[in-house]
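S.K.: Here the sequence shown is numbered in the working numbering, starting from 139 and rising by one per residue.
Simulated from the structure, these hints should not be mistaken for laboratory data. On a predicted model such as this, the values are computed, not experimentally measured, just so you know. Check the hints yourself; a few may be wrong.
[Unchecked claim] No farther apart than 27 Å at their CA atoms in a straight line, the calculated lysine-lysine pairs in the DSSO-like style are these:
#, residue 1, residue 2
1, 207, 302
2, 302, 242
3, 242, 329
4, 329, 302
[As the list claims (entries may be wrong)] Computed spacing ranges between beta-carbons, pair by pair:
#, residue 1, residue 2, range
5, 229, 339, 17 to 23 Å
6, 318, 287, 29 to 35 Å
7, 252, 304, 37 to 43 Å
8, 372, 302, 31 to 37 Å
9, 274, 430, 29 to 35 Å
10, 315, 370, 19 to 25 Å
11, 370, 426, 18 to 24 Å
12, 411, 287, 27 to 33 Å
13, 334, 371, 31 to 37 Å
14, 330, 430, 20 to 26 Å
15, 235, 411, 36 to 42 Å
16, 205, 334, 42 to 48 Å
17, 315, 410, 19 to 25 Å
18, 408, 340, 37 to 43 Å
Beta carbons: idealized from backbone N, C-alpha and C, even for Gly.
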Amino acid sequence: MVLAALIPACFAGWLLWSSLGGSKDDGADGAGAPTTSSTSSPSPPSSGAPAAHSPPTPSGNASGKRSGKPLEGKVVVIDPGHNPNNRDHSSRIARLVDIGTDEKECDTTGTATNSGYAEASFTLDVARRARTLLEARGATVRFTQDGDRPYGPCVDERAEIGNKAHADAVVSVHADGAAAGERGFHVILPKSVRGGGADTSAITAPSRRLGERLRSRFAKATGSEPAQYIGDGSGLDVRGDLGGLNLSTVPKVFIECGNMRDSQDAAELTDSAWRERAADGVAQGITDFLNE
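Could you build all of it, start to finish, from the sequences and the hints given here?
M.R.: Below, the structure written as structure tokens:
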């Protein structure tokens, strides 16, 4: 009799233990509390957000930096000043175009060294070298001209090319034609102007940052000193009379890499190795600005 009474009681106890999840071998999705085994994966939050241990989603050009291409996804426009063919189209480049606040010549032939090395040849050489460096870092690089046009483009079109490209940065490469004895480089920044088709209010601040990075890197790469004959000697000059700046809607600066009319500067500007360093300074300055 005692044994008969104990059997139902033991069976009932076993049923109660089983219903409380005592078996660790049950792989079914039950409603019980999750196990705390160190080998189990945490359940995702109910909000659908990634689990706490998941890596963050890359933003901006972070993936480009990891791949060794810090400018991946960036658009850079390089504007090689003047055009080697301008000299054959003097009447066309002399026509006036609207620069927003005034009218100016479509373009000019640029200057040259005493030995005849043209500014237009210099700007194309440095621009092409800089393009190679920037493309190696992942940037999409566009030119306003590559010596493939009969003349120009005019200064208003040069600005429009950068605008239509939605460029992250535009640099116009030049060399100065100041008096002999005046040495050094300088970067030209857009003045805050508003009139006609010109409104630089949105680009003056980022253009200044671009110019400052360019000044620093160019000086370091070339060993050149900022020009003392223009502006305050800081290597930065602000102008409101350049159509290429006035009509720009994206960050843009000019760089005058040296004075072609000075014999010492000319010796550098005509040296291929120096031009490679100049291109490196331009590319590094742009890279610093775009990675801020």
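S.K.: Lying within 29 to 35 Å: is that true of the beta-carbon distance residue 274 to residue 430?
M.R.: Given about 20 Å between the Cβ atoms, the range is violated.
S.K.: Holds or violated: residue 329 with residue 302, Cα cutoff 27 Å?
M.R.: holds, 21 Å
S.K.: Holds or violated: are the alpha carbons of residue 242 and residue 329 at most 27 Å from each other?
M.R.: holds, 17 Å
S.K.: Going straight from one Cα to the other, do residue 207 and residue 302 come out at no more than 27 Å?
M.R.: Satisfied, since the Cα-Cα distance of roughly 24 Å is no more than 27 Å.
S.K.: Is the hinted pair residue 302 and residue 242 satisfied, with a Cα-Cα distance of at most 27 Å?
M.R.: At roughly 22 Å apart (the allowed maximum being 27 Å), residue 242 and residue 302 satisfy the hint.
S.K.: Is the hinted range of 42 to 48 Å satisfied by the C-beta distance from residue 205 to residue 334?
M.R.: Holds - the Cβ-Cβ distance for residue 205 and residue 334, about 44 Å, lies within 42 to 48 Å.
S.K.: Just to be sure I understand the hint, the distance between the Cβ atoms of residue 372 and residue 302 should be within 31 to 37 Å; is that true here?
M.R.: Roughly 32 Å apart at Cβ, these two residues keep to the hinted range, so it holds.
S.K.: Given the range 27 to 33 Å, decide if the beta-carbon distance of residue 411 to residue 287 lies inside it.
M.R.: holds, 29 Å
S.K.: Against the range 37 to 43 Å, how does the distance between the Cβ atoms of residue 408 and residue 340 compare: consistent or not?
M.R.: holds, 39 Å
S.K.: Is it true that the C-beta distance of residue 229 to residue 339 lies inside 17 to 23 Å, as the hint says?
M.R.: violated, 36 Å
S.K.: Is 36 to 42 Å a correct range for the gap between the Cβ atoms of residue 235 and residue 411?
M.R.: Since the Cβ atoms of residue 235 and residue 411 sit about 37 Å apart, the hinted range of 36 to 42 Å holds.
S.K.: Using the Cβ atoms, figure out if residue 330 sits within 20 to 26 Å of residue 430.
M.R.: The hint (20 to 26 Å, Cβ to Cβ) holds, given that residue 330 and residue 430 are roughly 21 Å apart.
Comparing the model with each earlier hint shows violations of hints 5 and 9; every other hint is respected.
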